[in-house]
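Asker: Chain by chain, the residues:
2 protein chains.
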Amino acid sequence: MSAVVFHYHVAADAGDIDARAETLLLEQTVELPRAAATNAWVRQNIIGEVLSIEPHDDGGFLVAIAQPLRTTALAPAQFLNVAFGNSSLQPDVKLVEIEPPAALFETFKGPRFGADALRQKLGAQNRALTATALKPMGLPPDGLAALAHDFAVAGIDIIKDDHGLADHDFCRFEQRVELCQRAVERANAETGGRSIYAPNLIGSPSSVVRQFAFAREAGAGAVLLAPMLVGPALLHELASDAALPIIAHPAFGGWDWIAPDVLFGAIFKWFGADASIYPHLGGRFSYSRETCASLARRLTSSAHGLKPALPVPAGGIRTNRVREILSFYGSDTMLLVGGSLLETGDVVQRAKDFVAEVASVSRELAS
Amino acid sequence: MSAVVFHYHVAADAGDIDARAETLLLEQTVELPRAAATNAWVRQNIIGEVLSIEPHDDGGFLVAIAQPLRTTALAPAQFLNVAFGNSSLQPDVKLVEIEPPAALFETFKGPRFGADALRQKLGAQNRALTATALKPMGLPPDGLAALAHDFAVAGIDIIKDDHGLADHDFCRFEQRVELCQRAVERANAETGGRSIYAPNLIGSPSSVVRQFAFAREAGAGAVLLAPMLVGPALLHELASDAALPIIAHPAFGGWDWIAPDVLFGAIFKWFGADASIYPHLGGRFSYSRETCASLARRLTSSAHGLKPALPVPAGGIRTNRVREILSFYGSDTMLLVGGSLLETGDVVQRAKDFVAEVASVSRELAS
Numbered sequence: 004m005s006a007v008v009f010h011y012h013v014a015a016d017a018g019d020i021d022a023r024a025e026t027l028l029l030e031q032t033v034e035l036p037r038a039a040a041t042n043a044w045v046r047q048n049i050i051g052e053v054l055s056i057e058p059h060d061d062g063g064f065l066v067a068i069a070q071p072l073r074t075t076a077l078a079p080a081q082f083l084n085v086a087f088g089n090s091s092l093q094p095d096v097k098l099v100e101i102e103p104p105a106a107l108f109e110t111f112k113g114p115r116f117g118a119d120a121l122r123q124k125l126g127a128q129n130r131a132l133t134a135t136a137l138k139p140m141g142l143p144p145d146g147l148a149a150l151a152h153d154f155a156v157a158g159i160d161i162i163k164d165d166h167g168l169a170d171h172d173f174c175r176f177e178q179r180v181e182l183c184q185r186a187v188e189r190a191n192a193e194t195g196g197r198s199i200y201a202p203n204l205i206g207s208p209s210s211v212v213r214q215f216a217f218a219r220e221a222g223a224g225a226v227l228l229a230p231m232l233v234g235p236a237l238l239h240e241l242a243s244d245a246a247l248p249i250i251a252h253p254a255f256g257g258w259d260w261i262a263p264d265v266l267f268g269a270i271f272k273w274f275g276a277d278a279s280i281y282p283h284l285g286g287r288f289s290y291s292r293e294t295c296a297s298l299a300r301r302l303t304s305s306a307h308g309l310k311p312a313l314p315v316p317a318g319g320i321r322t323n324r325v326r327e328i329l330s331f332y333g334s335d336t337m338l339l340v341g342g343s344l345l346e347t348g349d350v351v352q353r354a355k356d357f358v359a360e361v362a363s364v365s366r367e368l369a370s
Numbered sequence: 004m005s006a007v008v009f010h011y012h013v014a015a016d017a018g019d020i021d022a023r024a025e026t027l028l029l030e031q032t033v034e035l036p037r038a039a040a041t042n043a044w045v046r047q048n049i050i051g052e053v054l055s056i057e058p059h060d061d062g063g064f065l066v067a068i069a070q071p072l073r074t075t076a077l078a079p080a081q082f083l084n085v086a087f088g089n090s091s092l093q094p095d096v097k098l099v100e101i102e103p104p105a106a107l108f109e110t111f112k113g114p115r116f117g118a119d120a121l122r123q124k125l126g127a128q129n130r131a132l133t134a135t136a137l138k139p140m141g142l143p144p145d146g147l148a149a150l151a152h153d154f155a156v157a158g159i160d161i162i163k164d165d166h167g168l169a170d171h172d173f174c175r176f177e178q179r180v181e182l183c184q185r186a187v188e189r190a191n192a193e194t195g196g197r198s199i200y201a202p203n204l205i206g207s208p209s210s211v212v213r214q215f216a217f218a219r220e221a222g223a224g225a226v227l228l229a230p231m232l233v234g235p236a237l238l239h240e241l242a243s244d245a246a247l248p249i250i251a252h253p254a255f256g257g258w259d260w261i262a263p264d265v266l267f268g269a270i271f272k273w274f275g276a277d278a279s280i281y282p283h284l285g286g287r288f289s290y291s292r293e294t295c296a297s298l299a300r301r302l303t304s305s306a307h308g309l310k311p312a313l314p315v316p317a318g319g320i321r322t323n324r325v326r327e328i329l330s331f332y333g334s335d336t337m338l339l340v341g342g343s344l345l346e347t348g349d350v351v352q353r354a355k356d357f358v359a360e361v362a363s364v365s366r367e368l369a370s
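In the order they appear, the protein sequences are chains A and B.
Using our numbering, read the first sequence as starting at 4 and increasing by one per residue.
Using our numbering, read the second sequence as starting at 4 and increasing by one per residue.
Bound-form chain A, shown alone (with noise of 0.2 Å):
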């Protein structure tokens, strides 16, 4: 049967390495030491192997594990089992790269829209696209149905909640999306413009499954969804239903234990991320230029036969960077500006530029 090899980085003296790899081996399937796991099928059929040990550049050791697929039973919680589950809290390992085999996308079957789809529902080809938040929590839904208007005029694509909008008592998930639903509608009516608008889902698992028939029913183009927080399985359950894009967002998805690019690049886009949203080099995270270079290509990639996925970088961006960001991603990405639309001014003419500025650089690049 097909394998996983799952790659890890290890800080270890070079005279304890291969009895970490062994132990790490272990660890993530039978929890037993090797000459404990006595049945002969067991030892065949379920304990993988270490492929490599090799050092790295920046000191420890980079080690390669092929697990057997079977092991993580095809399903998106024990693969994570079996990629990092006791593993992750071991302090000297970290999860930076995953090989998936053919077989593991009979079920991972990645995003059921990916970016062309949502191309179309926007009527936006060879620009990139693009985002913006409804914010601050604490506004009524008449307040952020307002400024969802606001964005929706200026023309920006799409138009999501803020991931810190919950079911509030102060502005309750349902009559948040039917006004904001209806506001994006009526400014498309008025422009002529196809933007839209994608609603936090967040809550319990039961909750967040009747939130998504919600948004449908309200006829949302898109959801939210921050799958650290509500389960990554849950991710992967609302995705088989397509019945919306599902746009993923990072929160709560830590630091420094599994590769930002591997997690919300690979594993985000495996269970059904139609886009991801990250934080973007030089904003208020800290990502290299480098993951997030790796996180565009794994999104955009179509290999093993997924849809392309959307890149969303953001996180604190500012829309004086537009040039130099869409420069750096090119046009098969969708930038999200959040909080600076709102700082000042006439937010409808932030809007505007931002609009305007995306497509000029877009042009520019296409030339």
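To be clear, the hints were calculated from the coordinates, so they are not data collected in a lab.
Hints may contain errors.
Same chains, same names: a pair is fine if it fits in one copy or spans any two.
Taking lysine to any residue pairs in the SDA-like style, the calculated list, with each CA pair at most 20 Å apart, reads [unchecked claim]: (1) 310 - 102; (2) 310 - 334; (3) 355 - 196; (4) 112 - 209; (5) 355 - 39; (6) 112 - 210.
Bear in mind the structure is a predicted one, so any value in this text is a computation, not a measurement.
Given the structure of chain A, go ahead and fit chain B onto it with the hints provided.
Answerer: Chain B only, in chain A's frame:
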């Protein structure tokens, strides 16, 4: 309205810490610079307050931030979002303590059974409890059931699935649960014991809900759940049913982001864990003495009107450490010994020795 106080360790220079604390405060809720949050209600009712900034002995600063309870929507996923959503992506900040207001526990009701009810089910007072795991992954249901029978004959209190046992095609959840539960019931009938079998629930949220119902129907006395793998809000949702005691497993819990005593000792308990497994010091993992003591203290506490839960130290503990570990924790604990019972020789005898040693050391500690 009441506030939750979150304490963070922030790596920053003295000259930057005031500004960093301000951005941390705002990142978790409004996600806007203060100047851009112009709405008066938002400023008064949503934006929290930096309560204190103190230099930390080991460098950096401890920052206490009060967030209005209403920002959490009194719901687990949003609570985690306000606690450590976006900021978990930042390398300079860790969540090290939470001071919840009483009002939080009108929603977060904690263990529905707790340590006392588990002890009553087991008929085990005034001594430490024993637990072990059915493993390795790859044994067929009847092989695991035979092992469950052995452990129950030996008188182990809680016989749980290894947390890697999923709904595998080589070991289906339903068949495993039926056979293991019957095996434990048969052993109990033979010995007059009251051992409990606790199957592992893992999968998409809807699968886990089905598995929970199946386990209850089959007569299992408890269940095992890894909240970080299946979604922490699902723990809260399942616990709300108050159908079966839930033993939380720390897999996929990460390292060095949320302090483990806060995550596994406080948050999991608040969300409804009746017992919480964590790696005791000196096994394959690396928690400090202080972390382990804090975990036990938080779990066994009846603060906030919650029922005490059971600390379950685990992680490569060998039977020859029973005395040392019970001397550390006292009898108010459940000691989980897995693999070392399976290593060589007669499983029943080794398990009996483990049970006898725990009983004997518990008696000594009581006298």
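Asker: Taking 20 Å as the upper bound on the Cα-Cα distance, should residue 310 and residue 334 be classified as within, between, both, or neither?
Answerer: within (17 Å within a copy, 56 Å between copies)
Asker: Is it within, between, both or neither when you check residue 355 against residue 196 at 20 Å Cα-Cα?
Answerer: within (13 Å within a copy, 73 Å between copies)
Asker: Please sort residue 355 with residue 39 into within, between, both or neither, judging by C-alpha distance up to 20 Å.
Answerer: Result: close only across copies, 19 Å inter versus 66 Å intra.
Asker: Is it within a copy, between copies, both, or neither that the alpha carbon of residue 112 lies no farther than 20 Å from that of residue 209?
Answerer: The answer is between: 19 Å across copies meets 20 Å, while 23 Å in one copy does not.
Asker: Indicate which option fits the pair residue 310, residue 102 if close means a Cα-Cα distance not exceeding 20 Å: within, between, both or neither.
Answerer: Intra 18 Å, inter 45 Å, cutoff 20 Å: intra-copy only.
Asker: With 20 Å as the alpha-carbon cut-off, assign the pair residue 112 and residue 210 to within, between, both or neither.
Answerer: Close across copies (18 Å), not inside one copy (24 Å); limit 20 Å.
In summary, this structure violates none of the numbered hints.
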